[in-house]
Structures are given as structure tokens and as C-alpha cells.
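Participant: If you're matching them up, the sequences are chains A and B in order. When we follow our numbering, the leftmost residue of the first sequence carries the number 1, and every step to the right adds one. When we follow our numbering, the leftmost residue of the second sequence carries the number 1, and every step to the right adds one.
Treat the hints loosely; a few may be bogus.
As the list claims (entries may be wrong) - A few chain B positions that, by computed beta-carbon distances, are all more than 12 Å from chain A: (1) Ser-14; (2) Gly-18; (3) Gly-22; (4) Glu-23; (5) Asp-26; (6) Asp-49; (7) Glu-123; (8) Leu-124; (9) Pro-125; (10) Gln-129; (11) Cys-130; (12) Val-140; (13) Pro-141; (14) Gly-179; (15) Arg-180; (16) Ser-249.
Unchecked claim - Partner residues aside, some chain B positions facing chain A, computed with beta carbon under 7 Å: (17) Leu-116; (18) Ser-118; (19) Gln-216.
I should point out that these hints are in silico values taken from the structure, not numbers from a laboratory. These figures come from a predicted structure and were not determined experimentally. Glycine included, each C-beta is placed from N, C-alpha and C at the ideal position.
Each chain, written out:
There are 2 protein chains.
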Amino acid sequence: MHGYEFDEATAVQSSGDGCWRGEVHDGWDIGGNANGGYVLAILGRAMRDQAGRRDPVTLTAHYLAPSRPGPVEIEARVIKAGKRFATLTGEMRQGDRVLLSAIGAFGDAAEGDFELASSGPPELPPREQCPPRGPRNGGVPVALMSKIDVRLHPDVSDFSESGQVGNGEISGWFSFADGRPNDTLALLLATDAFLPAVFTLDQPAGWVPTVELNVQIRGVPAPGPLRCQFRTRFIRGGCFEEDGEVWDSNGRLVALSRQFALAARA
Amino acid sequence: MHGYEFDEATAVQSSGDGCWRGEVHDGWDIGGNANGGYVLAILGRAMRDQAGRRDPVTLTAHYLAPSRPGPVEIEARVIKAGKRFATLTGEMRQGDRVLLSAIGAFGDAAEGDFELASSGPPELPPREQCPPRGPRNGGVPVALMSKIDVRLHPDVSDFSESGQVGNGEISGWFSFADGRPNDTLALLLATDAFLPAVFTLDQPAGWVPTVELNVQIRGVPAPGPLRCQFRTRFIRGGCFEEDGEVWDSNGRLVALSRQFALAARA
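So here's chain A without its partners, still in its complex pose:
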């Protein structure tokens, strides 16, 4: 049986004592650097499996160096194995370079109804009416777009190429190109799979490195594509946040994300 690409590209194998081996696969990159959500999924999977729990519940990673295709080594350490959550630190390396360092809680992500939901999913036209995220990002090829199917709200789809100015918001649909069902690991990828919301603003284009990405997994996604929304409200001293919401096909929030990132240099 042929597996799904995301499962193969995030596979990890224990080498004992909290050490895991994985591989950054080719084709999940933007201009040669592996996507931050993709590498977080590799690290999160190793931490989750080390924890022996079903899902990441809240996971925060710092990005220390760009990830290139090739083997990675992961160290996952259980700090506390609680009844509800296990808390772990994780570090991912390529040779001597630390790529990511993370901390997270793992357990069972929520299923079922909200006790409180103060807002709903972003309003999006049907997926068929939303153009795909382009294969280039400010001139840089987005190989990642061969692996995932990201459809942008028609109002925002053209900013990165057209030079029009938007309002710091991006929304659209997320699914895998090969039809892999979404699960809680996929949510880690989805939160970093869109073009940066700052690209809708009158800001210099270019690489906007993620310093930190925090993802709260708020539910197990129902089958079907995800509705995603990202927003940057404040830029100061060349630093900005990007807040994301991911909603499943039942209209339930399944992830909240927040990045701390650096603006491109003018």
C-alpha cells in the first residue's frame, strides 16, 4: 500500500533514550529552506511518540537555523508525565546545527462541542472559487505547493505578485495535494502553510524568518479541508506577530497559532 507523502516525510524512528531519527524531505521548501510548519510536524511527531500520547496539545518552537533536505536527529525529553498531559522538550539537529528547540504538552486533543465560541470560521467562497497559492513567493519558488493544496480568498490571492496593498489579513482553504486526511499533526503544518499575512501590507518583500511559532491544538479536525485565517496587527522594531485560526469542516476551531517573526529588510 502506498502511503501519503506527509506521513513519509515526517516519519521518525526511535534510536533509544529519547533520541529519534528523521529526514527533511525535498519538496517541502520555499526557496530551498524547509517550511517551518513541516519541520515542526517532524519534531512534534517525535515528541508525541516519545510521550506515548495521541496528539500535540500546545507546542512552541524556536527556529534557530534553516532546515535543508537530509537526515535530522531529534532529542525528546519528558519533563513531566501527568495524567492529562505529558510535557516535553525537543531539539532537532542537522549535524552540529540546532534547527529547532521546542517545548510542548501532549495528550488527547478535544473532540465535540465548544463550551464557548465567541466567533466563527472565516467567511470564504467555495474552495473551487479560490485560486491556489502561487508557486512563487516574492520571486522565490514555493516547492511546498506541490505537496499541499492552499486556496486563497480571492480578495487576497494576488498581493504577493501584484503589489496591491491589503490589511494584514490572509484567509483560505488548506488540504493535502494527495488527499491525506487532516489530523492534529497536519494542523502544525497548516498554521505555517500560507503566505505571510504581512505580504498583504506595504512592507518590503523578502524572507520573513520565524523566530517562534506557538500552536494550540484545540480539537481533532473533522474530515475535509480546513478554513484558515492569519492576521498581523503590529509591526515594531522590525518584529511582528502573526495570529492564526484553523477551523474544520464542521465549523469548529481546531488550532490557534501565534508567530513572532522578523520583517524583511528594506
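Starting from the known structure of chain A, fit chain B onto it as the hints suggest.
Facilitator: For chain B alone, coordinates are given in the frame of chain A:
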């Protein structure tokens, strides 16, 4: 010269090799458990000093056990000392118990104007017209209120005692009781110094343990009290987020915070 209480209560001393000693002081607690923002300030200060940088810039901690008055040991490890930021992990212990585990980036917090600010500070009546946060929290004494001066927006001040139902939002003023000026370490405390925004909702009252607290320091605060706003939008499976904004007296955003926390049991 007599120092300020917060400086004394967050003092840390290096014992070499990334190890630091500090002490959880009495009086910064809620029902005997030290406030999460206060203990984060101790840990953040040790990590900051280990980094040799001026400010925490973005810091994320997981809370593993309640902190009680007494000595703590901190291990702060530099993962990467970059030009702009140093990235560190930190762990704080009391004896065998890990209290907090954290990861953060340290450097110079922003000063000066925003490149983008999509919203402004919360609208608050003058500080004198805002009642102080009460000395009790769902029946539990809030000793912390002897150290800080938190004034709540009159519309929300009474929820925890009156049983009225609000909308998941809390706002108000923050300063130190002894007049200590606010700095970037104080912002770590401010983001957890208010009553939980969920207390404004029709939810069971009681202890709502923080699993994770992420604080982005977006600027060095100007002199004067801080305007703070906290909001919980989603509760699912007994878990909720609390998003915070902290603004200085010049009307500039100085911190964004996000918690992942557990609702009180019914």
C-alpha cells in the same frame, strides 16, 4: 538605599555553568501558590542574565507544579547566541520538583514608533475611577494584591464576587504598589496579574491552572501605569486560551500574551 520589592523578590545569583539561585518570596501568591507571572519573571531574569542581553523578547513557559515560597534553582542554557537574539532554554526547580520549563529569545526590545498598529489601547476610565482587583479570588485570598496595584474597568470589577456574567473580557490598569517603574521584566508579571478573563463568564469558579504562557515583549514601556486587556474566546474540552495586550502610557503596545489553561472543574 531601599530597593523595590519586585527587584528583591526576583533576584537571582549565578552559581556558575548556567546555574542560578533565586527565591520565591512570600506575598506574591494566590491562595498559597505563587503567581505565574511572578515566577516567570524570576526565571526570565535568570535566562536574560545568562544571555547577557537587555530584555526578554519572546518567552514561553510551561507550568509543571505550583511554586511555594522558598529557594529555587534555575538552569539556563544558551542554545544559540545570535547577533540580534540569544535563544535559551530554562528550567526552574524546587528540590526535585520542576516548576517551570521555558524557551525564549533575548535581546533589545523595541523602542520608538510602530511600523504598523491596527488597533489601539483599551479604553479605560482614569485610574482613580477604577476599583482595585479584590483581595479575594473566588473565595481565595490574593496576597499578590499587596504587591501590585491592579485597577479594573468598572464594568468588570465585580464579576468574581457578584456572579454576574460578562463576555470573556477584562481590562484595567497595572502598576507596582511601591511605585517601582515598569520595565520589560515587569511585563512578564503584568500579563498574569489580572483575574482570569473566564471569571467573567458563566463558568465554574475555582483554580484555572496555566499550562503554558507565551509573552511577546513588543517594546520597552514608557514611565507610568500600564493599560491591559485580556480576552478568552474559546473553551473546548475544558481548555481555553487567554490573549492579553499590554499598552504603555504613550499608547504603545508593549506586550502580547497568550495562555493555554484549564477551566475549573464544575
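Participant: All hints, please: hold or fail.
Facilitator: So, going through the hints one by one against the coordinates:
{"no.": "1", "hint": "Ser-14", "in the structure": "22 Å, holds"}
{"no.": "2", "hint": "Gly-18", "in the structure": "15 Å, holds"}
{"no.": "3", "hint": "Gly-22", "in the structure": "19 Å, holds"}
{"no.": "4", "hint": "Glu-23", "in the structure": "22 Å, holds"}
{"no.": "5", "hint": "Asp-26", "in the structure": "26 Å, holds"}
{"no.": "6", "hint": "Asp-49", "in the structure": "19 Å, holds"}
{"no.": "7", "hint": "Glu-123", "in the structure": "17 Å, holds"}
{"no.": "8", "hint": "Leu-124", "in the structure": "19 Å, holds"}
{"no.": "9", "hint": "Pro-125", "in the structure": "24 Å, holds"}
{"no.": "10", "hint": "Gln-129", "in the structure": "27 Å, holds"}
{"no.": "11", "hint": "Cys-130", "in the structure": "24 Å, holds"}
{"no.": "12", "hint": "Val-140", "in the structure": "22 Å, holds"}
{"no.": "13", "hint": "Pro-141", "in the structure": "27 Å, holds"}
{"no.": "14", "hint": "Gly-179", "in the structure": "27 Å, holds"}
{"no.": "15", "hint": "Arg-180", "in the structure": "24 Å, holds"}
{"no.": "16", "hint": "Ser-249", "in the structure": "16 Å, holds"}
{"no.": "17", "hint": "Leu-116", "in the structure": "4 Å, holds"}
{"no.": "18", "hint": "Ser-118", "in the structure": "4 Å, holds"}
{"no.": "19", "hint": "Gln-216", "in the structure": "5 Å, holds"}
Checked against the numbered hints given earlier, this structure breaks none of them.
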